[in-house]
Amino acid sequence: MSRIDKRFAALRAEGRAGFVTFITAGDPDHETCARLLAGLPAAGADVIELGMPFSDPMADGPSIEAAGLRALAKGASMQMTLKLVRDFRQKDNDTPIVLMGYFNPISAYGVDRFLVDAKAAGVDGLIVVDLPPEEDDELCLPAVKAGIHFIRLATPTTDEQRLPAVLANTSGFLYYVSIAGITGAAAADPDAVGKAVARIKKHTKIPVAVGFGIRDGKRAAEIARVADAAVVGTALVERVAEAQIKGIDPADHVLALVRDLSKAIRGVAKAAA
Amino acid sequence: MTMLNSYRSGPDEKGHFGKFGGRFVAETLMPLILDLEKHYAAAKSDPAFRAEMDYLLKDYVGRPSPLYYAEPFTKHLGGAKIYFKREELNHTGAHKINNCIGQILLAKRMGKTRIIAETGAGQHGVATATVAARFGLPCVIYMGEVDIERQQPNVFRMKLLGAEVRAVKSGSRTLKDAMNEALRDWVTNVHDTFYIIGTVAGPHPYPMLVRDFQSVIGEETRVQMMEKEGRIPDSLVACIGGGSNAMGLFHPFLDDKDVQIYAVEAAGEGLETTRHAASLAKGVPGVLHGNRTYLLQDADGQITEAHTISAGLDYPGIGPEHAWLHDVGRANYVSATDKEALDAFQLCSRLEGIIPALESSHALAHVIKLAPKLPKDHLMAVCLSGRGDKDIYTVAKALGVKL
Ligand SMILES: Cc1ncc(COP(=O)(O)O)c(C=O)c1O
Numbered sequence: 001m002s003r004i005d006k007r008f009a010a011l012r013a014e015g016r017a018g019f020v021t022f023i024t025a026g027d028p029d030h031e032t033c034a035r036l037l038a039g040l041p042a043a044g045a046d047v048i049e050l051g052m053p054f055s056d057p058m059a060d061g062p063s064i065e066a067a068g069l070r071a072l073a074k075g076a077s078m079q080m081t082l083k084l085v086r087d088f089r090q091k092d093n094d095t096p097i098v099l100m101g102y103f104n105p106i107s108a109y110g111v112d113r114f115l116v117d118a119k120a121a122g123v124d125g126l127i128v129v130d131l132p133p134e135e136d137d138e139l140c141l142p143a144v145k146a147g148i149h150f151i152r153l154a155t156p157t158t159d160e161q162r163l164p165a166v167l168a169n170t171s172g173f174l175y176y177v178s179i180a181g182i183t184g185a186a187a188a189d190p191d192a193v194g195k196a197v198a199r200i201k202k203h204t205k206i207p208v209a210v211g212f213g214i215r216d217g218k219r220a221a222e223i224a225r226v227a228d229a230a231v232v233g234t235a236l237v238e239r240v241a242e243a244q245i246k247g248i249d250p251a252d253h254v255l256a257l258v259r260d261l262s263k264a265i266r267g268v269a270k271a272a273a
Numbered sequence: 001m002t003m004l005n006s007y008r009s010g011p012d013e014k015g016h017f018g019k020f021g022g023r024f025v026a027e028t029l030m031p032l033i034l035d036l037e038k039h040y041a042a043a044k045s046d047p048a049f050r051a052e053m054d055y056l057l058k059d060y061v062g063r064p065s066p067l068y069y070a071e072p073f074t075k076h077l078g079g080a081k082i083y084f085k086r087e088e089l090n091h092t093g094a095h096k097i098n099n100c101i102g103q104i105l106l107a108k109r110m111g112k113t114r115i116i117a118e119t120g121a122g123q124h125g126v127a128t129a130t131v132a133a134r135f136g137l138p139c140v141i142y143m144g145e146v147d148i149e150r151q152q153p154n155v156f157r158m159k160l161l162g163a164e165v166r167a168v169k170s171g172s173r174t175l176k177d178a179m180n181e182a183l184r185d186w187v188t189n190v191h192d193t194f195y196i197i198g199t200v201a202g203p204h205p206y207p208m209l210v211r212d213f214q215s216v217i218g219e220e221t222r223v224q225m226m227e228k229e230g231r232i233p234d235s236l237v238a239c240i241g242g243g244s245n246a247m248g249l250f251h252p253f254l255d256d257k258d259v260q261i262y263a264v265e266a267a268g269e270g271l272e273t274t275r276h277a278a279s280l281a282k283g284v285p286g287v288l289h290g291n292r293t294y295l296l297q298d299a300d301g302q303i304t305e306a307h308t309i310s311a312g313l314d315y316p317g318i319g320p321e322h323a324w325l326h327d328v329g330r331a332n333y334v335s336a337t338d339k340e341a342l343d344a345f346q347l348c349s350r351l352e353g354i355i356p357a358l359e360s361s362h363a364l365a366h367v368i369k370l371a372p373k374l375p376k377d378h379l380m381a382v383c384l385s386g387r388g389d390k391d392i393y394t395v396a397k398a399l400g401v402k403l
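These protein sequences, in sequence, are chains A and B. Residues 1 to 273, numbered by the working numbering, are exactly what the first sequence covers, in order. Residues 1 to 403, numbered by the working numbering, are exactly what the second sequence covers, in order.
FYI, nobody ran anything at the bench for these hints, they're computed from the structure. Keep in mind the model is a prediction, meaning the values are calculated, not measured. Check each hint, because a few of them may be wrong.
[Unchecked claim] Calculated lysine to aspartate or glutamate pairs in the EDC-like style (CA-CA distance at most 16 Å, straight line): (1) B:K75 to B:D377; (2) B:K14 to A:E134; (3) B:K19 to A:E134; (4) B:K19 to A:D137; (5) B:K14 to A:E138; (6) B:K14 to A:D136; (7) B:K14 to A:D87; (8) B:K19 to A:D136; (9) B:K19 to A:E138.
[As the list claims (entries may be wrong)] A few chain A positions that, by computed beta-carbon distances, are all more than 12 Å from chain B: (10) P41; (11) G68; (12) V116; (13) S171; (14) K202.
[Claimed, not checked] Facing chain A, a subset of chain B residues (Cβ under 7 Å, in silico): (15) M30; (16) P31; (17) D35; (18) V146.
Glycine is no exception: its CB is placed at the ideal position from the N, C-alpha and C atoms.
Excised from the complex, chain A in its bound form:
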């Protein structure tokens, strides 16, 4: 069983939804990010998504774009991203880490070399925004072969007919993007999300995490009620920027929000699935 499968099995046993946190690797700098990463599990993150910075993040809003550019300005690179994971794994062998980003930095690193190094570092899954099922040969199939989950995004435009293609070769969990839009955009209402998750569940047994537009405990709790996990990203990386302006420690500032959100999510008891 992979770390991701184990984690979702444990969540099911606990009868609650998971909390997936997104931060950008190397934001605002390598050292601070390493501290933040190390602090996430204790603050309540069940799964960690670590963004691989890219100069041209076409599916991201201004906040996550800015986080990537901050990181790149401080020397972030694929090697440093993998180092963050490797160092994290020295102390935590249970919390799943999913790398999220765009294909070009992986392609430049070399797909085969990337998969070997990512696996060795302790990466559990990949979310690559610009690799739809139509491009599965590029990375998805080699990743699955290398024992790394390829986690796909499903969106409101993914209809009944297309869902099977999106689910094929997807494992670990499915990431349902609750609105057609970029990261940081407004949220969909929980009713619509609930219906969409139910629709997806008819096609698959893998857990469904829901993201986009979750900014506070109230919304996180609402999503936790209808999904297997809630993903928060933009609100976290915005705290990095805020901390820099205020001159306080970004890691502490982000972790404080993670604790709040985690409490909200843990407060939601799940009806047995």
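Let chain A serve as the given structure and place chain B with the ligand on it in line with the hints.
Chain B with the ligand alone, transformed into the frame defined by chain A:
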């Protein structure tokens, strides 16, 4: 190595030209892209679509554009016989409108009610704003702040045409960033919005359909050269940003193996510097904006900024079909610097009474290098992709003239 029996059969059903192209887009866009492909296939075999397109190209755009014997230019250079394919005489002043007519008709067929586009020089933005006005659709144009600064006349034209011009402040604030922003808009408004991509790039089927819509350039050139000279050209020259005017000129001749093909990238301050836009000469294959192609990027796969005096060529990538033609060796990819383009701009203005776009001036700069070495019976067709009115402020500044 197996011989190709045609250079014109691409892309394959997955949108690949050799290893280039593809559909590297977010899931949100994928259903729409598949739908666009279906609609385009249906439109292609629908005589009514063809008829409406032909009508608009003729009476609205003013096609066919002339193939003009550039006698003063030819005499001055003293070699090859040079013809200009006068795309600058099209309505809106560039080749870009050929493609916009085709795409807006597709948008209509698909029932889309809102148009978006990216623009660099503003020519594609103007052409898109124009067809959006003509078809009564609201239109948003994304343009980098740097380009807004250097192409003021076109910004005002777009506004006059009723388009909203949104300044893009991210990244290098030029064409690539405008494309990122247009993609973000598209992902957000996918239900009602059609994205008119301005060059032979982006996810499949865009590189194919833009090529098809621009191929009118080469098809006319073939017929016109036959009429004037009784044979097809010996060589073709065009500038390359994303590569649409070049592909439009080249594609109908790809299987005429004796036709030499030259595509001219922008070398900016020189290929030996980092300030250029020569993605084939200096880039490596990667994935950006929906397709695999040659890209200017660093070792970590971060896209680097392109630099050229010509806003329309200021893009760190190139259409995937060009990447493939480069690799199989069917076309020659060369470059011209800012300085060479500026010289060509002035020479053409003075000798021919035609002020060419700075983009097209890159093609002319290569003609200036090439033509003198060729015999007088060598027929050369150059794509004059646009007119230079939009560039007078940039050129004045470069020449140290205050307007
Ligand atoms: C006059 C003109 N020529 C050429 C180009 C470059 O585009 P492409 O390479 O797609 O023809 C542009 C782009 O704005 C242009 O305005």
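Verification of the supplied hints:
no., hint, result
1, B:K75 to B:D377, "13 Å, holds"
2, B:K14 to A:E134, "8 Å, holds"
3, B:K19 to A:E134, "14 Å, holds"
4, B:K19 to A:D137, "12 Å, holds"
5, B:K14 to A:E138, "13 Å, holds"
6, B:K14 to A:D136, "12 Å, holds"
7, B:K14 to A:D87, "40 Å, violated"
8, B:K19 to A:D136, "14 Å, holds"
9, B:K19 to A:E138, "11 Å, holds"
10, P41, "28 Å, holds"
11, G68, "9 Å, violated"
12, V116, "17 Å, holds"
13, S171, "16 Å, holds"
14, K202, "19 Å, holds"
15, M30, "5 Å, holds"
16, P31, "5 Å, holds"
17, D35, "10 Å, violated"
18, V146, "16 Å, violated"
Of the numbered hints stated above, those contradicted by the structure are hints 7, 11, 17, 18, listed in ascending order.
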